[in-house]
Amino acid sequence: MSQPSVSGSATRGKIAKLLRDERAYPYLLIAPSLILILLLMFVPLFSVFKISLENYSMNQLYGRGFIGLKNFQDILTNDPIFFRTIPVTIRWVVIEVVLQLVFGMIVALLLNRTFKGRAFARAAMFIPWAVSGVLTTMLWLLIFNQHIGLLNDLLRKLGLIHDSVAWLANPGTVFGSVLLAELWRGIPFFAITLLAALQTIPPEIYESGKVDGCGPVRQFFLITLPFLKEAIVFATLMRAIWEFNNIDMIFTMTGGGPVYLTTTLPIYMMQSAIIEGNYGYGSALAVIIFIILMIFTVTYLAMNKFGRSIDE
Amino acid sequence: MNRLRKFLASALLFYIPLIAMLLFVLIPFLWTVVTSLKHEKDVLNAVVQYLPHPATFQNYINVWKAGHFSVYFLNSLLVSATSVVAIIVLSVLNGYALTRFNFRGKQLFMIILLCTQLLPAVIFLIPLFLTFKTVGLINTPLSLVVFYVVMQVPFNTLLMKGFISNIPKQIDEAAMVDGATRTTVIFKIILPLILPGLVATASFAFIGCWNEFIAAFTFITSSKFFTIPVGLKFMIGEYDVQYASLAAGSVIGLVPAVLLFAYVQKYLIQGLGSGSVKG
Numbered sequence: 001m002s003q004p005s006v007s008g009s010a011t012r013g014k015i016a017k018l019l020r021d022e023r024a025y026p027y028l029l030i031a032p033s034l035i036l037i038l039l040l041m042f043v044p045l046f047s048v049f050k051i052s053l054e055n056y057s058m059n060q061l062y063g064r065g066f067i068g069l070k071n072f073q074d075i076l077t078n079d080p081i082f083f084r085t086i087p088v089t090i091r092w093v094v095i096e097v098v099l100q101l102v103f104g105m106i107v108a109l110l111l112n113r114t115f116k117g118r119a120f121a122r123a124a125m126f127i128p129w130a131v132s133g134v135l136t137t138m139l140w141l142l143i144f145n146q147h148i149g150l151l152n153d154l155l156r157k158l159g160l161i162h163d164s165v166a167w168l169a170n171p172g173t174v175f176g177s178v179l180l181a182e183l184w185r186g187i188p189f190f191a192i193t194l195l196a197a198l199q200t201i202p203p204e205i206y207e208s209g210k211v212d213g214c215g216p217v218r219q220f221f222l223i224t225l226p227f228l229k230e231a232i233v234f235a236t237l238m239r240a241i242w243e244f245n246n247i248d249m250i251f252t253m254t255g256g257g258p259v260y261l262t263t264t265l266p267i268y269m270m271q272s273a274i275i276e277g278n279y280g281y282g283s284a285l286a287v288i289i290f291i292i293l294m295i296f297t298v299t300y301l302a303m304n305k306f307g308r309s310i311d312e
Numbered sequence: 313m314n315r316l317r318k319f320l321a322s323a324l325l326f327y328i329p330l331i332a333m334l335l336f337v338l339i340p341f342l343w344t345v346v347t348s349l350k351h352e353k354d355v356l357n358a359v360v361q362y363l364p365h366p367a368t369f370q371n372y373i374n375v376w377k378a379g380h381f382s383v384y385f386l387n388s389l390l391v392s393a394t395s396v397v398a399i400i401v402l403s404v405l406n407g408y409a410l411t412r413f414n415f416r417g418k419q420l421f422m423i424i425l426l427c428t429q430l431l432p433a434v435i436f437l438i439p440l441f442l443t444f445k446t447v448g449l450i451n452t453p454l455s456l457v458v459f460y461v462v463m464q465v466p467f468n469t470l471l472m473k474g475f476i477s478n479i480p481k482q483i484d485e486a487a488m489v490d491g492a493t494r495t496t497v498i499f500k501i502i503l504p505l506i507l508p509g510l511v512a513t514a515s516f517a518f519i520g521c522w523n524e525f526i527a528a529f530t531f532i533t534s535s536k537f538f539t540i541p542v543g544l545k546f547m548i549g550e551y552d553v554q555y556a557s558l559a560a561g562s563v564i565g566l567v568p569a570v571l572l573f574a575y576v577q578k579y580l581i582q583g584l585g586s587g588s589v590k591g
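Taken in order, these protein sequences are the chains called Y and Z. Taking this note's numbering as reference, the numbering of the first sequence is continuous, increasing by one, and the terminal residue is 312. Taking this note's numbering as reference, the numbering of the second sequence is continuous, increasing by one, and the terminal residue is 591.
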C-alpha cells in the first residue's frame with residue numbers, strides 16, 4: 001500500500017531537483033511544446049508522405065498497401081479535375097491577394113489621418129477580420145440570395161438588372177461572388193499590418209519631403225511605399241499561403257461547385273480525403289500542395305531577400 | 313474659391329472613399345441583424361423589407377433552444393477557453409526559456425517554430441484524422457483542443473518572446489536572491505508584468521479557436537459536440553433554409569468575437585507597430 005506513495009514522493013523530489021537545476025530548466029520549459037509539435041505536426045507530415053504512397057481508402061476491400069507513386073501518376077496523367085483546380089487556385093490567390101493589398105493600402109492610408117470618429121472607423125473596419133469563414137458565408141448568403149437577397153433588390157431598384165441573378169449558382173457570377181465575400185474578410189488584415197507600419201514612419205521625413213516640393217503622389221511613391229516594403233512583402237506572403245489554403249469560405253459557400261468552378265486544390269483534397277474517404281489519393285494531393293507552397297515560399301523569400309535577419 | 317476647392321478635394325480623396333469602405337464593411341453585419349429580427353414569412357416575401365416590422369426576437373429564442381445553439385455556444389466556449397489557457401501557459405514557458413537561457417538546441421527550437429508557420433494546416437488533416445480515429449479522439453472536444461494548441465503555440469511563443477525580452481533580467485535575479493524559484497518568478501513576476509500584452513494575445517488566440525471550422529468539421533461528427541461554425545454550416549439544408557434563424561444564429565456566433573476584437577485591435581496595431589512580431 002505504501003509502495004506507490006513512496007515512489008511518488010521520490011519522483012516529486014526528482015522533479016523538484018530538476019526544476020532547480022539551471023541547465024535542465026530551459027529544456028523542461030520547452031519540452032511540452034516540443035513534444036506536441038513533433039508528435040502532431042512533424043509525425044503527421046511524414047505520415048502524409050507515407051500514406052500518399054498507399055492505396056489507403058475507406059472503400060478499399062483488400063486493405064491498404066504500398067503502391068509506390070501510383071497516386072501521383074493517376075493525378076498527373078488521369079485526373080481531369082486536378083487540372084481544372086490549378087487555374088482556379090492560381091486565379092483565386094492572385095486576384096484575392098492583389099485586391100486585398102490595394103484596398104488594404106487605401107484603408108490604411110485613410111485611417112492613418114486624424115479625424116473625428118477615427119476610433120470607431122478603425123474598430124468597424126477591422127472587425128471582419130474577427131469573423132470566421134463560415135460566418136462570412138452566412139452574412140453574404142443573405143445578400144447573394146436569388147429571391148430575397150439584398151444585392152438583387154438594390155440592383156433592380158437602381159435599374160441595373162431586371163431579372164434576379166442566382167449569384168452563387170450561376171457559372172458566370174459564382175467565382176466573383178465568393179471572391180467579393182473573401183475580399184470583405186481579407187482587407188482588414190492588410191489594413192492593420194500596413195497601418196502599423198505606417199505609424200513607424202517618422203513624420204520629419206514627410207516634412208522634409210514637402211520642403212523639397214513633393215506632392216502627395218510622389219510622397220506616396222518615394223517615401224511611403226519604400227518604408228512599407230518589408231511589411232508588404234511579409235503580409236503578401238502570409239496572405240498568399242492563407243488564401244491558397246482557404247477552405248472554410250469556399251467550402252461552406254459553394255462546396256466547390258457549380259461544375260468545379262470554385263474547386264481549388266485544397267478543396268479538392270478535402271473532398272477526396274475527408275468526404276469520400278480516399279486517404280491515399282487525398283494524401284498525394286496534400287503532398288502536391290506542400291511541394292507547391294514550399295517552392296513558392298522559398299522562391300518568394302529569395303526574390304525579396306527576406307529573412308536574412310530572422311534571429312537578430 | 314480656394315476653400316471650396318480644398319473642401320471638394322478632401323471630400324473626393326478622403327470622405328467619399330472612407331464612407332464607401334465603411335458601408336462595404338458594415339452592410340453585411342447590418343443586413344444580418346435586420347434579417348434576424350424579421351418574421352420568417354417576411355424574409356421570404358418577394359418585396360424585400362428594409363426594416364423589420366414588427367421586430368421579433370423569436371428567431372433568437374428558436375435558434376438558442378430548438379436549434380441547439382446553447383449547446384454549440386457552450387462547446388465553442390469550452391474548447392476555446394481550454395485551448396487559450398494551454399496556449400498561453402506553453403507560450404510563456406517557451407518565451408521565458410528563449411529569452412533567459414542560452415541552451416544547446418535553442419537555435420534548432422527557433423527553426424522548428426518558424427518552420428511550423430510555413431506548413432499548411434490542411435495537410436495535417438488526413439494523418440491526424442486517422443491517428444485520432446485509432447486512439448479514440450475523434451468526436452471528442454479534446455481533439456480540437458490539442459489541434460488548436462499545436463497550431464497556435466509557435467506563433468504565440470514568438471509574441472511572448474518579444475514581450476518577455478522587454479523585461480530586464482535583473483528583476484528575475486533580484487527575486488531569486490530573495491529565495492524565489494524560477495517557476496515562482498515566471499508565474500508571480502513575469503506574468504503580471506506582461507499582462508496587457510498577454511490579454512491582447514489571449515483574446516486573439518480565443519478568436520482564432522472560436523472561428524475555426526475545418527478541424528471542427530473533420531474531427532467532430534456528433535451534433536452534441538458541434539461548435540458554432542459547424543452548427544451554422546449544418547443549418548444550410550439542402551432544400552429548406554430558414555434565413556431569419558440562420559441570421560440569428562450568425563449574430564450569436566459573431567457577438568463574442570466582435571466584442572473581443574473591438575477591444576483588442578488597438579493593442580494589436582501598437583504591438584505590430586512596435587515590432588514585437590518581427591523576430
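Careful, some of the hints might be misleading.
[Claimed, not checked] Capping the alpha-carbon separation at 27 Å, the derived lysine-lysine pairs in DSSO-like fashion look like this:
id, chain 1, residue 1, chain 2, residue 2
1, Z, Lys353, Z, Lys445
2, Y, Lys14, Z, Lys500
3, Y, Lys116, Z, Lys318
4, Z, Lys500, Y, Lys17
[To be verified] Which bits of chain Z does chain Y cover? Going by a derived footprint, with three or more residues having C-beta under 8 Å, they are:
id, region
5, 366-380
6, 478-484
[Stated by the list, open to error] Computed spacing ranges between beta-carbons, pair by pair:
id, chain 1, residue 1, chain 2, residue 2, range
7, Z, Phe413, Y, Arg113, 56 to 62 Å
8, Z, Tyr362, Y, Ile35, 37 to 43 Å
9, Y, Thr173, Z, Ser535, 30 to 36 Å
10, Z, Lys536, Y, Arg113, 48 to 54 Å
11, Z, Gln482, Y, Ile95, 50 to 56 Å
12, Z, Leu386, Y, Pro202, 30 to 36 Å
13, Z, Gln482, Y, Gly277, 47 to 53 Å
14, Z, Arg317, Y, Cys214, 18 to 24 Å
To be clear, the hints were calculated from the coordinates, so they are not data collected in a lab. Computed from a predicted model, the values in this text were never measured in an experiment. In this text, a Cβ means the ideal position worked out from N, Cα and C, and glycines have one as well.
List, from low to high, the hint numbers that the structure doesn't satisfy. Hints 1, 5, 6, 7, 8, 12 and 13 are the ones this structure does not satisfy, whereas the remaining hints hold.
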